[in-house]
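S.K.: Dock chain B against chain A, hints included.
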Amino acid sequence: MIDLSHLKADFPVLGEGVHFLDSGASSQKPIPVLEAMDRFARTSYANVHRGAYKLSVASTDAYEAARERVAEFIGATDSREVIFTRGATTSLNTVAFGWGLENLEPGDRILSTEMEHHANLVPWQMLAKRTGAVLDHIPVTDDFRLDLDAYRQKLGPDVKIVAFTGMSNVLGTMPPVRQIADLAHAHGARVVVDAAQLVPHAPTNVVDLGADFVAFSAHKMLGPTGIGILWGKMEALQETEPFEFGGEMISDVTLQDATWADIPHRFEAGTPPIIEAVGLHAAIDYLDSIGMDKIFEHDRELTEIALERLGDVPGLSIQGPPNTVDRGGVLSMIMDEVHAHDLATILDEQEVSVRSGHHCARPLMRKLGVTATARASFYVYNTEEDIDALVLGLRRAGELFGVGR
Amino acid sequence: MSLEDLYREVILDHYRTPRNKGHLDAPDAKAQGVNPLCGDDITIELAFDGDKVASVAIDGQGCSISLSSASMMSEAIKGKSRAQIEALTAKFRGLMSLDDGTDPGLDPDRPGAALGDLEALQGVRQYPVRIKCASLAWNVLGEALAGP
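Listed in order, the protein sequences are those of chains A and B.
So for the first sequence, the working numbering puts the first residue at 1; every next one is plus one.
So for the second sequence, the working numbering puts the first residue at 1; every next one is plus one.
So here's chain A without its partners, still in its complex pose (with noise of 0.2 Å):
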């Protein structure tokens, strides 16, 4: 059993007896990026890329030190090819807006699946609406899987982007992003990872991946809000217009028309997230001193544990993988009887935070036949203890409301 109970520490929020299981919504943030960020803002600040002036120059070095951090993070061979939007969101509408709409036509079909976040749902619809292109999507099987025979049949010549989770914010589950990858290659079509989850708890190479574009964000791997990363493969992003325009983003203005500026500041239009670049280069400087294969084999050892211990609770039914193969530490609950609002209020009761709602994925909850789940999931600052907490506080729900009785 891997150890990482020492960093919960480092979480200021974390004090003794709270049970934060809502890091697949967003993370905590260790002290190491809160001073970072404090240091950089007290002693380096000024806008980037456009003073001639020391703290100009300073600025615009630890941004652009920041986006190599994270080229080298992620094994991105070019850091040019990492764009800072403002979180996972832009970076997914940045590839739907500025590709596609340039690369779109009618008749032609986008391939999402069933079980997407709506920051990688509702673009693509948006997109087809604007350009005539069809939106079909990959199904998702009994086990909460993507039904990957169902994908190769829908594949042809047609499909010209194929987009999907690399990892479920609603079942934990972890598609093939690489398998996947290959065959929307070998029709032709452009692949778009939304890794928003996949980044933060799991070794990512995105040459690896062999993805066009890979969305993540700053705020789910222990950095700030504000700050996400689109990276797309040069050739991809070549093919990419600005989806945003103003200042920074151009090369020459006239009152008619502007050229733009290189890859990758013409997809970063207007003052960028400077501070936060700061702290999300904390971030993945943290997170590295633990080590990817370390944090991920954590959340595979906690949704082992808590799946065996969760399955003891009265009513209780987990809606994603009953095992950790291919899986991540996000555990959807449903208990019989008692509704996902009222769990987590009880939880909360006990200093357990869980999500409950439809976590921005009503197609796929629809899929599933349910309205609402509570949400437990994990992150390194997580421990036994908090699956014990959980635990308990599910009990209490059931007997609050005579689940079984």
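No false leads were mixed into what you were given.
Heads up, incomplete: computed chain B residues facing chain A, CB under 7 Å, no partners named:
#1 L3
#2 Y7
#3 C38
#4 G39
#5 Q61
#6 C63
#7 S64
Calculated from the model, a selection of chain B residues having no Cβ within reach of chain A, i.e. all distances over 12 Å:
#8 R19
#9 A54
#10 A76
Keep in mind the hints are simulated off the structure, nothing from the lab.
For glycine and all other residues, C-beta sits at the position ideal for the given N, C-alpha and C.
M.R.: Same frame as chain A, now just chain B:
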């Protein structure tokens, strides 16, 4: 404030055995409402006898607070006139601390006293995120009464 105060037996009873559940054959008024944050979904149908609610039917999905509130509300409005329902709604909103400044005339020591079973929901005000659960049915009722 304990969980037992929030989840009183009368709430759990209405949740497990919702009153006036289903649909009316020929409703005079109907409205549906969802809480987009959580997916709770309630439909209310009303039939009138003159100015008074003769029958009411409620259908939907939700948590114990939203469904019990809907169930208790359905009992409370039956046989009441529009004006009486308006007054009841004001009292309920007062109970949830949602009133718009007009005094709903609640006893500060026992604000739910005028509301019958609905008094049991007074624990909800200690859980601000759940107030919208308790209010959903009442908002839908307001829409149904306002008509198309």
